[in-house]
Amino acid sequence: MTRFGRKMAAMAAAVAFSGASIAAPALAQELKIGIKTEPSALDPQFHTLNPNIQVAAYFFDALVAQDATLKTKPALALSWKAIDDTTWEFKLRPNVKFHDGSPFTAEDVVFTYERIPKVPNSPGPYTIYTRSMKSFEIVDPLTLRIHTNGPAPLLPLDVAALPILSKKAMAGAAPEGKTTAELNSGNGLVGTGPFKFVEWQRGSRIVAERNDNYWGPKPYWKTVILRPLSNNTTRVAALLSGDVDLIEDPPTTDLAKLKTDPKITLAKAISNRVIYIALDQHGEPPIGIPDTNGKNPLMDKRVREALSIAIDRKGIDDKIMEGVAMPAGDLLPYPMGGTAKDTPIDKYDPARAKKLLEEAGYPKGFSITLGAPNGRYINDLKIAQAVASMWTRIGVKTDVDANAPPVFFKNRDSFKYGAYMAGWGASTGELSNALKSLAATPDRAKGMGTTNSGRHSNKEMDAKLVEALGTIDDTRREALLGEASKILMAEHGLIPIHFEVSVWAMRKGLTYPGRADQNTFAVDVTPVK
Amino acid sequence: MLVYIIRRLMQAALVMVVMSALVFAGIYLIGDPVAMMISPDASEIERDAVRAALGLDRPLWRQYLVFMNAALHGDFGKSFLAGQPAMQLIFERMPATMELVFLSLVIALGLGLPMGVYAGLRPKSIGAKTIMTGSILGFSLPNFWVGLMLIMVFAVLLPDLVPWWPRLPASGRGTTVSVLGVNLSLFTGDGLLHLLLPAITLALYKGALIVRLARATAREVLPMDYVKFARAKGLSERRVVGVHVLKNIMIPIATVSGLEFGQSVAFAVITETVFAWPGMGKLLIDSILLLDRPVVVAYLMIIVVFFVVLNLLVDLLYSVLDPRVRLESRAA
Amino acid sequence: MSETALDPARAPVAARPQTPFQRIVSNFCEDRLAVFGLVLVLAALFVAIFAPLISPQDPFDIGALDLLDAKSPPGTVSGDGKITYWLGTDGQARDMMSAIFYGMRLSLFVGFTSVIAALGIGIVVGLVAAYAGGRIDALLMRVVDIMLSFPAILVALILLSVLGKGIDKVLIALILVQWAYFARAARAAALVERNKEYVEAAHCLALPAGRIVFRHMLPNCLPSLIVIATITLARAIALEATLSFLGVGVPVTQPSLGMLISNGFEFLMSGSYWISFFPGIALAIAIIGINLAGDHLRDVLNPRNLR
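Read top to bottom, the protein sequences are chains A, B and C.
Residue numbers are given in this note's numbering: position 512 of the first sequence equals residue 512, and the series is strictly consecutive.
When you read off a place in the second sequence, starting at 1, and then add 529, the result is the number in this note's numbering.
When you read off a place in the third sequence, starting at 1, and then add 861, the result is the number in this note's numbering.
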């Protein structure tokens, strides 16, 4: 034992020595970020997955950028305008250099957009953003025209999702130039972005280095290390122990403690993600409602309203979300495109809910199953349980069927749920995206109602939406979208619960303004002056 | 003996075929991989295009035949999610898991075996009772709970409270060096520091299991005639225990160590998640939950072969440890 | 086991008991730690069996939960004044004490049933493989290899997707992933026994194979298998918790003990310690009790250890 003891002492000394260097404050100008999910690839045209989009923004720029509230702002394009109903013209930023020193021109843009359909085996193709593009016309090296198939009012937003690659660096034997595998290893990973690629060890770290020739405001950090820390508690522990400087999305249960920790600062931003409940409105017989003699109570607007006002949104936000959610009465928070400041939020009123059920002919209520994913959205399972408990209290006996995401999606897409809870983040930051996918009458070929598994349908709303989707004028379009959303909400076609508030936790001495799309951009992380 | 080994390896090939068929059917039953990965904005036409690109538009048996044909030529398919060869993704991550499990098994055997044998020799002593009661704690606490407690104590609380206390890293893998072309962190100081907490977490359960097994089997063996005979011959206690007793308790210990090694290599998911260890267990869980079939198939084919080989080694070990176990007896 | 085991007075240490049963009882009671363990086991069983009678609240009735009472510390009186939350409430306003009672019931049931079933299957397969040898051994062991390689979550996901949700499906999944482990261990033990003199003697007597395997070899293989089984009980409960945590376990509205722990885990650092702490203590009590009592019982029952 004594020999063992001595060994331990020697080891402890060794640990103390090397431990000291670990505990020392991080090297100046090095930023370590604990991210929740690792990208599936570094090729910015491989997979429309949020972590991929986030990391791509370190190395690449798009023609158009989105600010913290997702409004468009100039990036590699200085300005853009619609010349006619089917043509957009982009004026490109002069004197921009790629990481390898070559100049950025319209050629690179056209190469980039034309590569998208050629990327093989993409599990989430970027073609969803190039759908409307018909042809490209290079007017001069810094002027590009995009001809569209029809009116494409959202083209600048589509373009914002497409980071620009270097035609020169991407040259390769494959039809798509450099392949996804080559880009993953850094070969051809040459952009105009604020950081240059250094290395990617899958599962472990992505290292980026400052681009000193960046055209925009230069990042403060010389080196940025992104570490995937998927477990919530692990991520917090890594921050507390100084392993990382900043983490995304700390679990809500730890917020109270982090708030009072003198070594930690929190940043918050309202997100574009709404948590909502969809109710099956396809007709008779109802799904998963056994005790109404084949009648579907959810077809009745009064029942849908009753279910909405039976939800104590404030209670959920206080007790489950720890204050990092905002009760919702729409599919996007104000001031995003199409929303109104005075949108009403359904008031919690169980007494009136019971009365509405009675009026609709269900004085004794009915039974229903609420489907929910487990582990997809912040506290999804807990919210579903709370809603079930609130519905049960007004007489709608609710059972929660919470499943791992693959099973939940399968059940939802094959219409197994009478009601289900899900989330939607409109990446465009305006209402057409959410209305089109969640609320429009399903027409899968046209991409309408692709995620409307409650099969709510309202012709009036559909008409407004279609009109908006063909309107180039921003103000007019947003007004139409607002009207469409108002119809949907008045019908209680969907029941919004809340908007998630994104949270970042970082060591004292740093600030981050936060973003509605929940992305973490090292460029915007700065030391407190 | 050689025939025996060759026959085993041929069986392994058969097992791989069965395994891959099971996984194909299993994932097909669970859900649609495309629905998991594609942007929810995508229209049905775009979804169909992805299905076609990934080969998911064909009937299941066709997909399987295509896979088997490619697999016979050494191509086990590309990950749906990452677009890279599944085998490459797995082998990239394998060393990290292997070294973690190896170290934990060394800790578990190194501490567990002597403690268990001691407790078996002197079952009434205070030391034995302490060991046995203590070992219960080793498996009654959930794995993730232990891991996070270790992080909280050694990476956060102690270094904050005691100024001279060294801060252990809370997560991730340390500096690696290339040994025979494999990147290992086992041979660097920083690497060992990062390994310490996850290895202890993983070793706790195994150690407890080995302590209890060693004690139970030692108590079985001690009253046996050959032990009495060895003692009667006047052999030293050290030799009696070290050779005669130890040799006879090694079969269950070897079996369980082999099983534990296999289980941990294949499914050290919880520990890897808690410590953000870039191993392959995490890759498997993520792939299963995203229905990334090529990775799951390739992974489980590797694992099943790994188990066949591991169990072969354990079986060979039996005949070394106990000549009475004749492996080839009655084999056709 | 009977109540007499609890009463040391009726089994005096010094007296020479008459029947084997009395001898076992008195030997068992010699060890105070083991008696303590037995008390813990009986307490856990009592709580599990009578949960519906002794719980202040029905934690499965979600209509009775009021979110306003969520995360109340131990000792708080509920908003409507009807019950006192002696162990506090969780994030769903479930009374922790009731949830633990019901959870214990579920966890012990799932743990015991799955381990016993898996042990039974494993023993049969392992002994048959070891005794028969040759092709049968190879076939059975390759099936075992496949089962060992199949991750529990994949099994559970497939069952969930095909058969739907339910405790019975979780049980099937747990048995499916556990039996192979026992089969492998049973075969190892039996391989040693197969070549011992008594088996040869039995052969010479031309006893039927089934009798040799199950009446003669099995008892000699049991000690190491029981060690593994008692420990695996803890692992089975934890495995069930892990499956629940990943969304493929028991229904969320009917939490098991393991699920309470993993759900409460994130509260550990937040100050609401009771949400994870008390279920953890309850599980530890049950497992420690089972093992303390089990250890000694095994020694007492083993005739070779009677000296």
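Please note that a few of the clues may not be correct.
[As the list claims (entries may be wrong)] Label pairs and their in silico Cβ distance ranges:
no., chain 1, residue 1, chain 2, residue 2, range
1, A, Pro175, B, Ala542, 34 to 44 Å
2, B, Ala542, A, Asp67, 57 to 67 Å
3, B, Arg767, C, Asn1056, 26 to 36 Å
4, B, Leu842, C, Arg1076, 55 to 65 Å
5, A, Asp67, B, Gly710, 46 to 56 Å
Hints listed in this document are in silico derivations from the structure and should not be mistaken for laboratory results.
We put the beta carbon where it would ideally sit given N, CA and C, even for glycine.
task = With 26 to 36 Å as the target window, see if arginine 767 of chain B and asparagine 1056 of chain C comply at their CB atoms.
result = Check passed, 29 Å falls within 26 to 36 Å.
query = Is the hinted range of 55 to 65 Å satisfied by the C-beta distance from leucine 842 of chain B to arginine 1076 of chain C?
reply = violated (32 Å)
key: Distance restraint evaluation - alanine 542 of chain B, aspartate 67 of chain A, Cβ atoms, bounds 57 to 67 Å   = holds (58 Å)
Verdict for aspartate 67 of chain A, glycine 710 of chain B (Cβ pair) under range 46 to 56 Å = Given a distance of about 48 Å, which is inside 46 to 56 Å, the answer is holds.
ask   = Do the Cβ positions of proline 175 of chain A and alanine 542 of chain B conform to the proposed distance bound of 34 to 44 Å?
value = holds (36 Å)
Checked against the numbered hints given earlier, the structure breaks only hint 4 and satisfies all the rest.
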